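The whole structure should be built from the sequences, with the hints applied where relevant.
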Amino acid sequence: MVAEETLLTIEGVNQRLPLVRTIVRDIMELHRDIAVRRQRMSALRERYPASGGADSVYEQEVLQMEAELSQDEQRLDEFAQELNQIGGTLTDAQSGIVDFPSDMDGERVWLCWQSDEPEVLCWHSGDCGKSARVSLYHEVSGGGYLAENGLQQDA
1362 MVAEETLLTI
1372 EGVNQRLPLV
1382 RTIVRDIMEL
1392 HRDIAVRRQR
1402 MSALRERYPA
1412 SGGADSVYEQ
1422 EVLQMEAELS
1432 QDEQRLDEFA
1442 QELNQIGGTL
1452 TDAQSGIVDF
1462 PSDMDGERVW
1472 LCWQSDEPEV
1482 LCWHSGDCGK
1492 SARVSLYHEV
1502 SGGGYLAENG
1512 LQQDA
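Going letter by letter, the sequence shown gives residues 1362 to 1516 in the working numbering.
Derived by calculation from the structure, the hints in this document are not laboratory data. All figures in this text were calculated on a predicted structure; none of them were measured in a lab. A couple of the hints might just be wrong.
Using C-beta positions, here's what the derived DEER-type ranges look like [to be verified]:
#1 Leu1368 - Gln1442: 16 to 22 angstroms
#2 Ala1396 - Leu1424: 18 to 24 angstroms
#3 Pro1479 - Glu1407: 40 to 46 angstroms
#4 Pro1479 - Gln1435: 30 to 36 angstroms
#5 Glu1478 - Gln1435: 42 to 48 angstroms
#6 Glu1366 - Gln1421: 44 to 50 angstroms
#7 Glu1478 - Arg1393: 17 to 23 angstroms
#8 Glu1427 - Glu1390: 19 to 25 angstroms
#9 Leu1424 - Leu1368: 44 to 50 angstroms
Backbone N, C-alpha and C define an ideal beta-carbon position, used for all residues, glycine too.
The following block contains the structure:
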């Protein structure tokens, strides 16, 4: 049975960011490391095609790299699960983008945070892409964008 998803407020997301930043930093570092090792492994495979046995030094290195990559990919999944446990969903490991479910005037939206942002600054209603992210503060005047559009805020 899946637990019901908790809708978060801007303040709720911002309170989680210290832990989210730590997890996302680990994800981004591991993601980069995996990409570099995949390139090295591919280059080795191209330069020294498998001869059908594990007698080649290069074949042994590639087999070891494959095993380590598999373990590290599992670690990435575990990091993503940690984010899920605190209400976030990893949407881009390379850029460090995490979405958090929220509500705007009864419509399901996602508060969207990226690793280089000091706090949650954007939201979107569909799949997240750079062009789909809408600033939470782009229309601030009078009552502010958030109040005018019904995005939940803590009192």
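Results for each hint:
Checked against the hint of 16 to 22 angstroms, the pair leucine 1368 and glutamine 1442 passes, with Cβ atoms roughly 20 angstroms apart. Checked against the hint of 18 to 24 angstroms, the pair alanine 1396 and leucine 1424 passes, with Cβ atoms roughly 19 angstroms apart. A hinted range of 40 to 46 angstroms for the beta carbons of proline 1479 and glutamate 1407 is consistent with their spacing of about 43 angstroms. The supplied range of 30 to 36 angstroms is met by proline 1479 and glutamine 1435, whose beta-carbon atoms lie about 31 angstroms from each other.
With their beta carbons about 28 angstroms apart, glutamate 1478 and glutamine 1435 fall outside the hinted range of 42 to 48 angstroms. A hinted range of 44 to 50 angstroms for the beta carbons of glutamate 1366 and glutamine 1421 is consistent with their spacing of about 46 angstroms. Range check, glutamate 1478 to arginine 1393: Cβ separation about 19 angstroms, and the 17 to 23 angstroms hint holds. For the pair glutamate 1427 and glutamate 1390, the beta carbons lie near 20 angstroms from each other, so the given range of 19 to 25 angstroms is met.
Between leucine 1424 and leucine 1368, the C-beta spacing of about 46 angstroms keeps the proposed range 44 to 50 angstroms intact.
Hint check: a violation occurs at hint 5 only; the rest are consistent with the structure.
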